[in-house]
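Protein chains in written order, with this note's numbering: chain F, 34 to 140; chain E, 34 to 140; chain S, 34 to 140; chain C, 34 to 140.
Simulated from the structure, these hints should not be mistaken for laboratory data.
Be aware that one or more of the hints could be misleading.
Here are the in silico distance ranges between beta carbons for each label pair [unchecked claim]:
{"hint": "1", "chain 1": "C", "residue 1": "34", "chain 2": "F", "residue 2": "100", "range": "28 to 34 Å"}
{"hint": "2", "chain 1": "S", "residue 1": "100", "chain 2": "C", "residue 2": "81", "range": "34 to 40 Å"}
{"hint": "3", "chain 1": "C", "residue 1": "126", "chain 2": "F", "residue 2": "66", "range": "24 to 30 Å"}
{"hint": "4", "chain 1": "S", "residue 1": "49", "chain 2": "E", "residue 2": "68", "range": "32 to 38 Å"}
{"hint": "5", "chain 1": "C", "residue 1": "83", "chain 2": "E", "residue 2": "34", "range": "39 to 45 Å"}
{"hint": "6", "chain 1": "C", "residue 1": "91", "chain 2": "E", "residue 2": "83", "range": "40 to 46 Å"}
{"hint": "7", "chain 1": "E", "residue 1": "63", "chain 2": "S", "residue 2": "119", "range": "21 to 27 Å"}
{"hint": "8", "chain 1": "C", "residue 1": "34", "chain 2": "E", "residue 2": "100", "range": "41 to 47 Å"}
{"hint": "9", "chain 1": "C", "residue 1": "132", "chain 2": "E", "residue 2": "63", "range": "45 to 51 Å"}
{"hint": "10", "chain 1": "S", "residue 1": "119", "chain 2": "C", "residue 2": "34", "range": "29 to 35 Å"}
{"hint": "11", "chain 1": "S", "residue 1": "116", "chain 2": "F", "residue 2": "100", "range": "45 to 51 Å"}
{"hint": "12", "chain 1": "E", "residue 1": "122", "chain 2": "S", "residue 2": "119", "range": "25 to 31 Å"}
{"hint": "13", "chain 1": "F", "residue 1": "66", "chain 2": "C", "residue 2": "34", "range": "38 to 44 Å"}
{"hint": "14", "chain 1": "C", "residue 1": "87", "chain 2": "F", "residue 2": "122", "range": "40 to 46 Å"}
Don't be surprised by glycine CBs; every beta carbon is placed ideally from N, CA and C.
There are 4 protein chains.
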Amino acid sequence: MKVIADLCVVPIGVGVSVSKYVAACEKVLCEAGLETKMHAYGTNIQGEWDDVFGAIRKCHELIHEMGAPRISTILKFGTRVDREQTMGDKIDSVREKLGGHLPGEDL
Amino acid sequence: MKVIADLCVVPIGVGVSVSKYVAACEKVLCEAGLETKMHAYGTNIQGEWDDVFGAIRKCHELIHEMGAPRISTILKFGTRVDREQTMGDKIDSVREKLGGHLPGEDL
Amino acid sequence: MKVIADLCVVPIGVGVSVSKYVAACEKVLCEAGLETKMHAYGTNIQGEWDDVFGAIRKCHELIHEMGAPRISTILKFGTRVDREQTMGDKIDSVREKLGGHLPGEDL
Amino acid sequence: MKVIADLCVVPIGVGVSVSKYVAACEKVLCEAGLETKMHAYGTNIQGEWDDVFGAIRKCHELIHEMGAPRISTILKFGTRVDREQTMGDKIDSVREKLGGHLPGEDL
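Just chain F, with the same shape it has in the complex (with noise of 0.2 Å):
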C-alpha cells in the first residue's frame, strides 16, 4: 500500500532549536530510498507503508539518541485505492485548476 504523508517532529526538552534534529530526520529518511521534500512546517514523504512507517520510527530513535527525552509528531497521511498518485500530482492538480502558475512559484 502506497502512502502519501507530511511529517513534523517536535523534539522536547532540548531548548528552542530544533533544526539539528530536523536535519538528522532527512537524512534517514533519504537514506531509507523515500523520495522526500522538505518545506517550513514538516517534510512531505512518499513510498510504500512498511518503508515511510520503518522511517519515521528510525528518526524518533535517532532523536532519543541525540539527547531529546522527549518528541511529539504530527503525521498526516494519506492513502487510495482509486488510482496512483503522487505528491507531484497532488501539487500539479491544484496549479493545473489555478491556470499553471500557484501562488509563491517563481515564474
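Model the placement of chains E, S and C on the given structure of chain F, informed by the hints.
The following block gives chains E, S and C in isolation, referenced to the frame of chain F:
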C-alpha cells in the same frame, strides 16, 4: 518503544457521514489489545510502537475494504525516554494543576 | 459559523513538562464560555468561530507571558452547513454503531 | 503577533477530488496578501495572526459556498517571541546543517 497516539481518520469520497468507518476502527484497535479512549475529534491510543502502527494499518485497509477510495489521516504521537507515562498520567498532571478538576468534567 | 475543534499546544524551550501551560489554557477556554473536554492529546472545543479562535489566541499570548519563547500548536477544526452537530453527537453516532458502548468506556 | 502556519483543508461530501477547493483557497490566501507556499500536503502561510486566521475563515466560507457540506481542517501554527523567523529561515536552518543542500532539492 511505547507510544501515546491520537488517531483521526477521514474517509474521503463516501459522503458526509463517516461514523461507521470510525466505529470499525474502534473495533480494530480494541481487538489489537490496545488501550483506547475515543473523543469527539479522534481516538487516544497507547501501546507498543509496532502494535499501535500495525493496528493503524489495519484500520486503513479495512476502511478501503468498506468502500472508501481515499483516506486522509491525522496522527499525533509521542514517545519519551525520560520516564514512563500513560494517557491517564497526562490528564492527571493537568487536573492536579487545576485543583483536582477539569473544566467539563462531571463532579 | 459554529466550529468543533481539537487544540493541542506544545510550548517549546521550557523543558519536558508542559502540563502547567495546558492547565492555563484550560482556564482560558473555560473563561471564554466555551464547551471543552480535555483528553490525553488535546482538548475538544465547540463554539462560535470568533469565540473559539479568540480564545486560542489568548492561549498563545498567555503561554508566552508564562515564559515559553516558542509554541507549536496543532489544531483540527471542522465546520458543516448541512446540519447542526455537537461534540456529543459525534461520539453518540459512533457509539450507536458499536451497539451502545465504546471501547474503554466504563459501563 | 506573527504566525507561521501550515493549512490543510479537507472538504467532505464532495467526492474524491478536492483540488478545486484547494485552488480556491490558494487564491483567498494570495488575495489576503499573505506569503504562501503550497506543498503536496498543505500550504505554508506566514503573516500577522489576524490576517492569517481571517483568511482561513474566508477559505472555510468559500468552500461551503462552493458546495461542500462539511470541512475538516488541520492547521499547524507556531509563534515565537525570542526572535523573528520566516518560513525561509526555518528551511535555511535545516539546509545549513545538511551542508547546504536538502534531499530532493534540485542542484
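**Prompt:** Which of the numbered hints above does this structure break?
**Reply:** Hint check: 2, 4, 14 fail, others pass.
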